[in-house]
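Student: These are the residues of each chain, in order.
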Amino acid sequence: MLEGLFASILTTCIWVSLHLLTNRYLRTRNWLFTSFTGYLLSLPLITFLARHLSEGSACDSLTLAFIHGYLWHLLLFFFYVHVYYHVDRSVTLNLLSEMASRGGTVSAATFHARHNMQTTVENRLKILEQNGFIRQVNGLWINTNRGVFYARLMALSVWAFKSKTQSERI
Amino acid sequence: MKGIILSVACLIAFLPCAMFASRLLNVTRHARLFFKLLLVISLAYVVTFLALPSDLGYLPDSLVSHYTTMDGLLGYIMLWLNFHSFLTTFYGINGGFSMCLLYEIYRSGPQGLSTESLAHKFQTADGTDKIHAWRLPRLIETGYIAQDPGHSLYTLTAKGAWVARLTLWLHRIFAMRKKGG
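First to last, the protein sequences are chains A and B. Counting along the first sequence from 1, when you hit position 39 you're at 39 in the working numbering, and nothing is skipped either side. In the working numbering, each residue carries its 1-based index in the second sequence increased by 1000.
Hints should not be assumed to be uniformly reliable.
Below, simulated BS3-like cross-link-like pairs (lysine-lysine); rule was C-alpha separation at most 27 Å, straight line [claimed, not checked]:
hint	chain 1	residue 1	chain 2	residue 2
1	A	Lys-126	B	Lys-1159
2	A	Lys-162	B	Lys-1159
3	A	Lys-126	B	Lys-1036
4	B	Lys-1130	A	Lys-164
Derived list of chain B stretches under chain A, where covered just means 3 residues or more per stretch with a C-beta under 8 Å from a C-beta of chain A [what the hints assert, rightly or not]:
hint	segment
5	1005-1013
6	1042-1051
7	1067-1073
8	1108-1119
9	1139-1150
10	1153-1164
Just so you know, the hints here were simulated from the structure itself, not pulled from any lab data. Ideal placement from N, C-alpha and C gives every residue a C-beta, glycine not left out.
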């Protein structure tokens, strides 16, 4: 069990370090694709490390080491991806970091001028278009199949948890 | 292995409980409800872990760990990691700005929406934007920023500055490019 855990932590450290270096120097466009590739390519390392670390250990079985290794590796991958996306896309975190980079104090007028709704929507629509979620037809935005899937997923989740969307909060 | 199995069972139990509680209690702060539920589920995890045998009555020897305490601890950490995944997925889907834009376009029907119409949906009748109008009072309420009595300045509190520094550090680590929005 512990061998699997150590194998997964070591493997995650290795692939995440390589991934961060790749991201920094090669400037990859699709971050999720490269992280998923890194995750898949690092899978054999789990087998190697778990087997290697289990040699001479008479406690838990190799099967248990593999189960723990692959499971923790997957959970750490999810953790990494979720942290990245939250840091990248969270309006709240970006708002706080923007305030910090402006010395920690912002006047209400400057703040509201910088966070113009039209510009915020335009910027996000550009990202959604680049990532293939929406497309523009005669000046109007429509969802691609991928966009429809996520919109339906949101509709289901909003219903299931009886939550409000950002456009309905006030 | 007992830790993993019970951890997954607890997560499976958590999901419908979170859904039904959200629907029944009409909550506005889902995270608070989820954390409370997680504490109840954590208690259930500890009780069942202590009460059930190491092999759960059916596991073969090869799947039974000799490190009982570590097995329980890892199962519990796994529960928290899964909870973190659930929480970020929940907020990514239900509270995400991108998701909300896709949802508004979807709701508009096959004809689609213009950028102006979409921006209009995120503004109140007096022109206040809905993205920041609820977020700023929430950040003040939770102690991340402070507003001076004259309402002309927003200042980061120590707590807000710490989160901001962490975010900026992660931006550098992840080599993120600013995209705006």
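Student: Hint compliance check: list the failing hint numbers for this structure, sorted ascending.
Tutor: When the structure is compared with the hints, numbers 1, 2, 3, 5 and 6 turn out to be violated.
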